[in-house]
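K.L.:
Chains A and B are the protein sequences, given in the same order. Per the working numbering, the first sequence starts with residue 1, numbered consecutively. Per the working numbering, the second sequence starts with residue 1, numbered consecutively.
Hints were generated in silico from the structure; no laboratory data involved. Idealized CB from N, CA, C, for every residue including glycine.
Here are the simulated DSSO-like pairs of lysine-lysine, each with C-alpha atoms no more than 27 Å apart in a straight line:
1. A:K14 <-> A:K99
2. B:K99 <-> B:K71
3. B:K168 <-> B:K96
4. B:K259 <-> B:K496
5. B:K137 <-> A:K14
6. A:K233 <-> B:K233
7. A:K477 <-> A:K487
8. A:K99 <-> A:K71
9. A:K96 <-> A:K13
10. A:K137 <-> B:K14
11. A:K99 <-> B:K14
12. A:K96 <-> A:K71
13. A:K99 <-> A:K13
14. B:K13 <-> B:K96
15. B:K99 <-> A:K14
Have a look at the derived ranges for each label pair, beta carbon to beta carbon:
16. B:A39 <-> A:D256: 31 to 41 Å
17. B:Q188 <-> A:D213: 50 to 60 Å
18. B:K487 <-> A:D213: 50 to 60 Å
2 protein chains.
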Amino acid sequence: MTQNNDTILEQLKKNLAEIQHLEHAAALLDWDQQVNMPAGGADARALQLATLQKMAHELFIADSTGDLLEKLNESDYPEDSLDACLIRVVREDWNKDRKIPSELVEELASTTSRAQEVWARARTDNDFQLFQPWLEKILELNQRQADLLGWEEHIYDALLDLYEPHMKSNQVSVIFNELREGLVPLVQEIAARRDAVDGSFLERDFDVSRQWDFGMQALTAIGFDLERGRQDKSTHPFTTNFSRNDVRVTTRVHADNMKSALFSTLHEGGHGLYEQNVGSELEGTPLGTGTSLGIHESQSRLWENLIGRSRAFWEHYYPQLQQLFPADLQGVNVDQFYRAINLVEPSLIRVEADEVTYNLHVFLRFDLERELLSGQLAVADLPQAWNDRMEQYLGIRPHNHTDGVLQDVHWSAGLMGYFPTYALGNLLSVQFYHQAQLALPDLEEQILRGEFSPLREWLTENIYRHGRKFYPQELVKRVTGGDISAKPFLEYARIKFGAIYGF
Amino acid sequence: MTQNNDTILEQLKKNLAEIQHLEHAAALLDWDQQVNMPAGGADARALQLATLQKMAHELFIADSTGDLLEKLNESDYPEDSLDACLIRVVREDWNKDRKIPSELVEELASTTSRAQEVWARARTDNDFQLFQPWLEKILELNQRQADLLGWEEHIYDALLDLYEPHMKSNQVSVIFNELREGLVPLVQEIAARRDAVDGSFLERDFDVSRQWDFGMQALTAIGFDLERGRQDKSTHPFTTNFSRNDVRVTTRVHADNMKSALFSTLHEGGHGLYEQNVGSELEGTPLGTGTSLGIHESQSRLWENLIGRSRAFWEHYYPQLQQLFPADLQGVNVDQFYRAINLVEPSLIRVEADEVTYNLHVFLRFDLERELLSGQLAVADLPQAWNDRMEQYLGIRPHNHTDGVLQDVHWSAGLMGYFPTYALGNLLSVQFYHQAQLALPDLEEQILRGEFSPLREWLTENIYRHGRKFYPQELVKRVTGGDISAKPFLEYARIKFGAIYGF
Chain A
1 MTQNNDTILE QLKKNLAEIQ HLEHAAALLD WDQQVNMPAG GADARALQLA
51 TLQKMAHELF IADSTGDLLE KLNESDYPED SLDACLIRVV REDWNKDRKI
101 PSELVEELAS TTSRAQEVWA RARTDNDFQL FQPWLEKILE LNQRQADLLG
151 WEEHIYDALL DLYEPHMKSN QVSVIFNELR EGLVPLVQEI AARRDAVDGS
201 FLERDFDVSR QWDFGMQALT AIGFDLERGR QDKSTHPFTT NFSRNDVRVT
251 TRVHADNMKS ALFSTLHEGG HGLYEQNVGS ELEGTPLGTG TSLGIHESQS
301 RLWENLIGRS RAFWEHYYPQ LQQLFPADLQ GVNVDQFYRA INLVEPSLIR
351 VEADEVTYNL HVFLRFDLER ELLSGQLAVA DLPQAWNDRM EQYLGIRPHN
401 HTDGVLQDVH WSAGLMGYFP TYALGNLLSV QFYHQAQLAL PDLEEQILRG
451 EFSPLREWLT ENIYRHGRKF YPQELVKRVT GGDISAKPFL EYARIKFGAI
501 YGF
Chain B
1 MTQNNDTILE QLKKNLAEIQ HLEHAAALLD WDQQVNMPAG GADARALQLA
51 TLQKMAHELF IADSTGDLLE KLNESDYPED SLDACLIRVV REDWNKDRKI
101 PSELVEELAS TTSRAQEVWA RARTDNDFQL FQPWLEKILE LNQRQADLLG
151 WEEHIYDALL DLYEPHMKSN QVSVIFNELR EGLVPLVQEI AARRDAVDGS
201 FLERDFDVSR QWDFGMQALT AIGFDLERGR QDKSTHPFTT NFSRNDVRVT
251 TRVHADNMKS ALFSTLHEGG HGLYEQNVGS ELEGTPLGTG TSLGIHESQS
301 RLWENLIGRS RAFWEHYYPQ LQQLFPADLQ GVNVDQFYRA INLVEPSLIR
351 VEADEVTYNL HVFLRFDLER ELLSGQLAVA DLPQAWNDRM EQYLGIRPHN
401 HTDGVLQDVH WSAGLMGYFP TYALGNLLSV QFYHQAQLAL PDLEEQILRG
451 EFSPLREWLT ENIYRHGRKF YPQELVKRVT GGDISAKPFL EYARIKFGAI
501 YGF
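Construct the complete structure from the given sequences, taking the supplied hints into account.
P.N.:
What follows is the structure, given as structure tokens:
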């Protein structure tokens, strides 16, 4: 490594930082669109997003980036050092992104920005045909993108790789098949004991501003730093960030469904904790963010489910919740509450689904996306296919498109190949939590005391601080010693829900 | 004009649109910083703003812009047509902006983004010395910028031209001297009759959420379109926009000062109306915004003062206000209320000043800025100079820097040469309103009925829709047939306040 190398690396980092400024500005444009923007702003916003994303892409794929990369060699730097990882990751990103012409980036950005407005109207009006031409266009753009990126076994692989680097759809299929084989009998056993849990009181009229306050309390309790982030309301909860010191989570609050705000706050809070605790030395580089959507989801689900739907958490917090809602929770003890928030029941909406049936919603989308992308399924036939598959996987059929094929924002946002990461995250959340339990023998007692720092610090040390330094499957190996697997999740679910439903 | 010309013009417009996308993204970064951003976000935000502003500047001043401009001739297009005006304005902008290297743009952006955080702390802590090195840096950057832009009579002219194109500081001095000569005896006459007005009841405890609601009602009543804009809260009220269909105004609400939210809402609402009603055919071009800060301020002050502090407005709205605040306004009739909101009294804070003394605050800043820029006054001596000048112009002396030299955000934001436009706007608001009165004989009756469309439409037709097609002094000539002048304002103030104070 020479002085010259250092200068080259500095130049590369400077260029990458400017590209990130554009990307973070685009992220703010998107956040604002979902949280604040008046309807009239949509057309200009679509153009602004398209320009920024196009410019960021063009700057990154420029020959000058390649020239700098060519002069750098990761093996000149200590193994696993920031610089070695940076060169490796940026080289791979550059090779991938260069395959996409900036016109396509611009077209995807402006199409999806507009399509999200159309989708929102279509969803409100239960009008799939309004959205159909937009989805056809987005599918076509995704297919074009996949073909440009290149793929071997399945067109799906090219897109999946954007969200879960190095993962193949055949690997996902194997994991999902094992998961499905374990889930089907579990769902049946639970269905046979349906009466064991009553969740109806959660639909009483819970004051929305108190729900908000409790959510904020929970969010700060798990360690989300409000000096370096904030929570707002949006139609669809999400997390984004403009630096590790400015992380934005959103939630939605419904009076007649108190689970919605509570668990979406903990869920997005988990994503937020990941971003807030990426190593500060990675700030301003492309390594300074979560390494994949699957790993990200493992953190949202860990905080939402392993913590937020645990008995220990509510032993601590239920008295406080009861104080906030004395009338609604009158006569409900912590055991009944714990069972109610863990009620398992096939339902139409993915984001409201329980831990057991949630993955079935993902399988359905994974199937349909592969069929759409490979051309086996036409967009026009999608609503029918959706409803049939819902019946097959969950035994229920949507009575409208709003609660069916139009429920998720993802496709309107151009995100195909994204859904599997939700189920991968579920599996990983259990695998990572097991490791935390091994490392922190007092973990359950800590949670009983409402003390989350040891867990958060363990996760920071083992996962968060690394940012994108390690690819997801390498990170999984480092933390768990093995690969992603359905078994730990199935075991966890069988024990937890066996106890609740009594089998 | 040839086909070729059309292609060149289209290419120019396309480039300019992309530059505007960057500028509007930067405007959103700034809006978010003032409305939402957690403190931790400041460092990254400063860098993001600097990069976007630098890129927009570099793209605009590129030789390629000049090449396109060189091939275009405004006289090939109909006089006053969009295309003729566009070519003229863009050519002038390009010649001006090219004088500023992009490193200076970047340095100004990142320095001022950080300086605003420091200023806010300095203001809270009454600590001028904390802010002093930042102001020295900003002064130095402004001097450098002015010298690069070039000036003949006074360095101030180069900066003033950025906010009020083609206006010279000597012209401003002449106008301000005439204004001062009229104001001094007026203030004295009012001071001699101080007891004629009692405004103390406005400091009662007015519920902040009802204040907000009334402000929103007033904002929509004057015609601010909430489908194409929104109002939020910020420490310092301001207006910005990301297209004519996404205009953001902010206000602040204090329980013990109900004038603050009310009049800042109407003030920013006036700025907002201007931007929302710029001609839609100008959207996406550099012409699609207000033509100068002075003209902009004429609109905020017209809606705030000529309408919002008029007797006719309150004849209509006072009963509604009284219904919202029955306890606070008990026993206060509309005449007492009208007098109270028009109380004239030398005070420390510019933005809270009445219509008569407001301009004195501007004179002070105009003086000090010219002395700072020319090197006659050192930043270290500024607090003393501020306090002395306050005593000279307003007869009162600040007891701390928070309510003195640290009160305004402008200098921390790098805005030197900006303040005179406030007083110019005051003068123009009266000149324009007189023209509206001549054109709309029923104007007062309309306002008595809470009917603002005819006035708003007249302003749109004569001012708003033109955007930047005409330079400010040309626009003033078109609307009033003459030049900017202190006389109409002095006449208006003498009649209005003579009636209130009885002379």
